[in-house]
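Given only the sequences and the hints, what does the whole structure look like? Please build it.
Protein chains: 2
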Amino acid sequence: MTRRFEQKLGAVDIAALVRREISKGNLQLHDRLPPERVLADTYGAARGTIRKALTLLEEEGFVEIRPGSGTYVVHQPDEASVAPIDNATPLELMDARFALEPHICRLSVLHGRRTDFDRMESLCSRMEDCVNDPVGFSDADTDFHRALADSTRNGLLIWILDQIATVRSQDDWTRMRHLTLDARTISTYNAQHRQILNALRTREPERAANIMKEHLETARLSLTRASET
Amino acid sequence: MTRRFEQKLGAVDIAALVRREISKGNLQLHDRLPPERVLADTYGAARGTIRKALTLLEEEGFVEIRPGSGTYVVHQPDEASVAPIDNATPLELMDARFALEPHICRLSVLHGRRTDFDRMESLCSRMEDCVNDPVGFSDADTDFHRALADSTRNGLLIWILDQIATVRSQDDWTRMRHLTLDARTISTYNAQHRQILNALRTREPERAANIMKEHLETARLSLTRASET
DNA sequence: CCATATTGGTACAATATTGGTTCTTACCTG
DNA sequence: CAGGTAAGAACCAATATTGTACCAATATGG
Numbered sequence: 082m083t084r085r086f087e088q089k090l091g092a093v094d095i096a097a098l099v100r101r102e103i104s105k106g107n108l109q110l111h112d113r114l115p116p117e118r119v120l121a122d123t124y125g126a127a128r129g130t131i132r133k134a135l136t137l138l139e140e141e142g143f144v145e146i147r148p149g150s151g152t153y154v155v156h157q158p159d160e161a162s163v164a165p166i167d168n169a170t171p172l173e174l175m176d177a178r179f180a181l182e183p184h185i186c187r188l189s190v191l192h193g194r195r196t197d198f199d200r201m202e203s204l205c206s207r208m209e210d211c212v213n214d215p216v217g218f219s220d221a222d223t224d225f226h227r228a229l230a231d232s233t234r235n236g237l238l239i240w241i242l243d244q245i246a247t248v249r250s251q252d253d254w255t256r257m258r259h260l261t262l263d264a265r266t267i268s269t270y271n272a273q274h275r276q277i278l279n280a281l282r283t284r285e286p287e288r289a290a291n292i293m294k295e296h297l298e299t300a301r302l303s304l305t306r307a308s309e310t
Numbered sequence: 082m083t084r085r086f087e088q089k090l091g092a093v094d095i096a097a098l099v100r101r102e103i104s105k106g107n108l109q110l111h112d113r114l115p116p117e118r119v120l121a122d123t124y125g126a127a128r129g130t131i132r133k134a135l136t137l138l139e140e141e142g143f144v145e146i147r148p149g150s151g152t153y154v155v156h157q158p159d160e161a162s163v164a165p166i167d168n169a170t171p172l173e174l175m176d177a178r179f180a181l182e183p184h185i186c187r188l189s190v191l192h193g194r195r196t197d198f199d200r201m202e203s204l205c206s207r208m209e210d211c212v213n214d215p216v217g218f219s220d221a222d223t224d225f226h227r228a229l230a231d232s233t234r235n236g237l238l239i240w241i242l243d244q245i246a247t248v249r250s251q252d253d254w255t256r257m258r259h260l261t262l263d264a265r266t267i268s269t270y271n272a273q274h275r276q277i278l279n280a281l282r283t284r285e286p287e288r289a290a291n292i293m294k295e296h297l298e299t300a301r302l303s304l305t306r307a308s309e310t
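Residue numbers (the working numbering), protein chains in the order written: chain U, 82 to 310; chain R, 82 to 310.
Check the hints yourself; a few may be wrong.
Stated by the list, open to error - So the derived list for chain R, only partly shown, Cβ under 10 Å to chain U, looks like this: (1) 91; (2) 93; (3) 96; (4) 97; (5) 101; (6) 172; (7) 174; (8) 180; (9) 181; (10) 183; (11) 241; (12) 244; (13) 245.
Said to hold, decoys possible - Straight-line alpha carbon distances no greater than 20 Å define the calculated PhoX-like cross-link-like pairs of lysine-lysine that follow: (14) R:105 / U:294; (15) R:105 / U:105; (16) R:89 / R:133.
Read the hints as simulated data drawn from the structure, not as lab findings.
Owing to the predicted nature of the structure, the values given are computational and were not obtained by experimental measurement.
Glycine included, every Cβ here is placed at the ideal spot set by N, Cα and C.
Structure below.
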């Protein structure tokens, strides 16, 4: 945007601004930047300065300069922005779930339909058949939480949860936890799932959210316990 | 931002515009584009330029040119790249923020540092200077919520919020809201931001979370109000 | 089926735009 | 002062755009 500061902008500053526009999405792949002379005017800098900034960005691989034609964006910001999600720690992951899932329960009460709850019901049964099958339980558990998200009818939230689930499946700690899931823990989870489902069916948003918090707290405990061994 | 229309459009620019129309869904599969001569008129370019743009799009597989007949859209917008996230409605977006941001406040109380809060403080000041500058306010507001997320030190949550912010910036309703932001609404927001910051500084997680909920409720109201006009 | 309108395909020369380069002047910092 | 950086201007070379005219393929309507 137009910085109203009368401060003099150097080549690196301008490079940073343009770089940010690209990462931010205001300038997308294949977009052509304004001509150097126009940029010079809008940023209040000399053409040489703009030129230096653009050269920097070209060396960084953000941009391609084609003589006689223009300067073009050559950067899929996805790579950079998808990266952090792969490095998420299990604790970060738990915090994210703590943020999302209780509220998802509330939304599920608002938007959920009978068929959603029936599906979750059948998943509960499946999980209850897996008291001695940690892997099978984990799969059903993932499906349960996914079904819960689905019942909100909120595509954005579903997408976010899916992203998280992806991380979760690639996560070593969590994988380790699967092995440490004993019958007693699984039973606890199952009871909590049932309670959540009941609260959804009776349309009690806060109760559902609270049980979900408990549920996540239990999960967090078993996570930290597993990481200590 | 606004200068896109004042600038003369080249073939690549037009290609980018049409490509975006297709990805966005405004132009759907098998739709026929207007004749080149009409496009030339609407985009204010010569026919040769339009022609070059369409040829580019044909090479990319977005479009098929049939001599004597017309130019047709041939593109199933990639499920992967378009993602549900681009089609998120403002209401879905608000629900996602309702889920995330109050809990982010709690985490900020846990992990936030002095410098984080100082940064948010300066952003508050910046916003307070923008009572009559909706666009400037919106920028600062985005930065504030980003800074809040940063203070949790949770890369995953920060990433999620960034994704949401990206959607938000490309969202027409929200853009419209910028225009309807009056001085009074901005003042309300400013007061709420200050309150949140204070609660963070005094390490009161629940109070911060609750004010954030209020804040989002206010935002949701002004959103629905704007959409009714 | 044919006449006509519409649409894309092509060619070419004049003009405009854009990045590439160089030079001079001015300013600031160590 | 010396050295680096930026402003500003002038000019060059590469590329793009324009405007026009005419051709070929397809669609439309009697």
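| Any hints this thing doesn't respect? Which numbers, in order? | Those not satisfied come down to hint 14.
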